[in-house]
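> Protein chains in written order, with this note's numbering: chain U, 1 to 99; chain S, 1 to 99; chain D, 1 to 99; chain P, 1 to 99.
Hints listed in this document are in silico derivations from the structure and should not be mistaken for laboratory results. Accuracy of the hints is not assured; some may be wrong.
Identical chains blur together in the list; that is why a pair holds if it fits in one copy or across any two.
To be verified - DSBU-like mimics (lysine-lysine), calculated; alpha carbons at most 35 Å apart, straight line: (1) Lys9 to Lys59; (2) Lys96 to Lys19; (3) Lys77 to Lys89; (4) Lys59 to Lys19.
Just so you know, these numbers come straight off a predicted model, no measurement behind them.
Each chain, written out:
4 protein chains.
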Amino acid sequence: MEELLQKVKLFREERGWDKFHSPKNLAMALIVESAELAEHFQWLTEEESRNIPEDELLKVKDEIADVLIYLVNLADKLGLDPVQAAHDKIVKNIEKYPV
Amino acid sequence: MEELLQKVKLFREERGWDKFHSPKNLAMALIVESAELAEHFQWLTEEESRNIPEDELLKVKDEIADVLIYLVNLADKLGLDPVQAAHDKIVKNIEKYPV
Amino acid sequence: MEELLQKVKLFREERGWDKFHSPKNLAMALIVESAELAEHFQWLTEEESRNIPEDELLKVKDEIADVLIYLVNLADKLGLDPVQAAHDKIVKNIEKYPV
Amino acid sequence: MEELLQKVKLFREERGWDKFHSPKNLAMALIVESAELAEHFQWLTEEESRNIPEDELLKVKDEIADVLIYLVNLADKLGLDPVQAAHDKIVKNIEKYPV
């Protein structure tokens, strides 16, 4: 993830895209990518969604990548570590939803 | 991230939630969480979104966590590694958008 | 719908909310409301979603309302008539997807 | 709107698409369309979003149409009248946010 963050930062800096990357815009882009991911599943049954064909899976992989890239980017702009945030949240979830 | 994945798997298994976690449902939950994240920014100016107050930032941190947890969960159900997917996608992006 | 538009305009004007209602912000709010609507269905099976309880249906009704209100608001800000747009789009869809 | 609903129903029936149109799936499709609409605004400033070029506006018009079509479809499947729902919701909003 650390290496991914460095690549994401370098990518946006080399292209001068920082000016577009306000947290507001990145949050909007994150939803749009999440929706592109969901689009692959919208007309499938749940069972079909568990067995998607290999060529479709490659497209889904790219959408998952886009969501993660924007999430890493957004967290970085806010000074947050997304993996640490997830660890902290799971602790909360364990308390909220006991086994 | 590997440790996060193990925690996410254990969490859902201990609660018997696997049956709800079809890729279709997880993709839908991922959008919903992304929207909850975006909700914090919707009425802010871009400038305001760069300087959100500390207490608001803690809520945003939890939403970022939720998005990552569902993304890790979804990728696992599809047999995909989200970080590897992101690395592969950046290679594609570099070709698509030359400096 | 014309009456609805007049109410929506009056509501935002009386509260001085026009300054927040840029098309960008309204489009973001529209997604957020759509996600709140989808949240009611995310863990249901398709069959369950066809038979939701009455008290849940009342909440869904309010979410549908919120989506329509933002859509009417956004279309108005852009000088568009959403119902006319839908009629025009169905003509295109009929051509695109022949019976 | 009544005429729009009749066209939407006829369109899906003539194509045998009712079996895909569970409320769950339609709610998912509604978000996806809302995201396609938002995509047109994600990198614009709020000011730019108030002055989008004519050719872009035609694309936005089609996305607004898609959102309304799915909303009308979903409401119909749930036995709800979206315009009446919006009128009822505005009454609630007026109470919740006094002038």
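> Determine for every hint whether it applies to the structure shown.
Verification of the hints:
1. For the homomeric pair Lys9 and Lys59, the shortest alpha-carbon distances inside one copy (24 Å) and between copies (24 Å) are both at most 35 Å.
2. In this assembly of identical chains, the alpha carbons of Lys96 and Lys19 lie at most 35 Å apart only when taken from different copies (20 Å versus 39 Å within one copy).
3. Within a single copy, Lys77 and Lys89 get their C-alpha atoms as close as 20 Å, and across copies as close as 20 Å, so both meet the 35 Å cut-off.
4. In the homo-oligomer, the alpha carbons of Lys59 and Lys19 lie at most 35 Å apart both inside one protomer (29 Å) and across protomers (25 Å), since each shortest distance falls under that limit.
In summary, the structure agrees with every hint in the numbered list given earlier.
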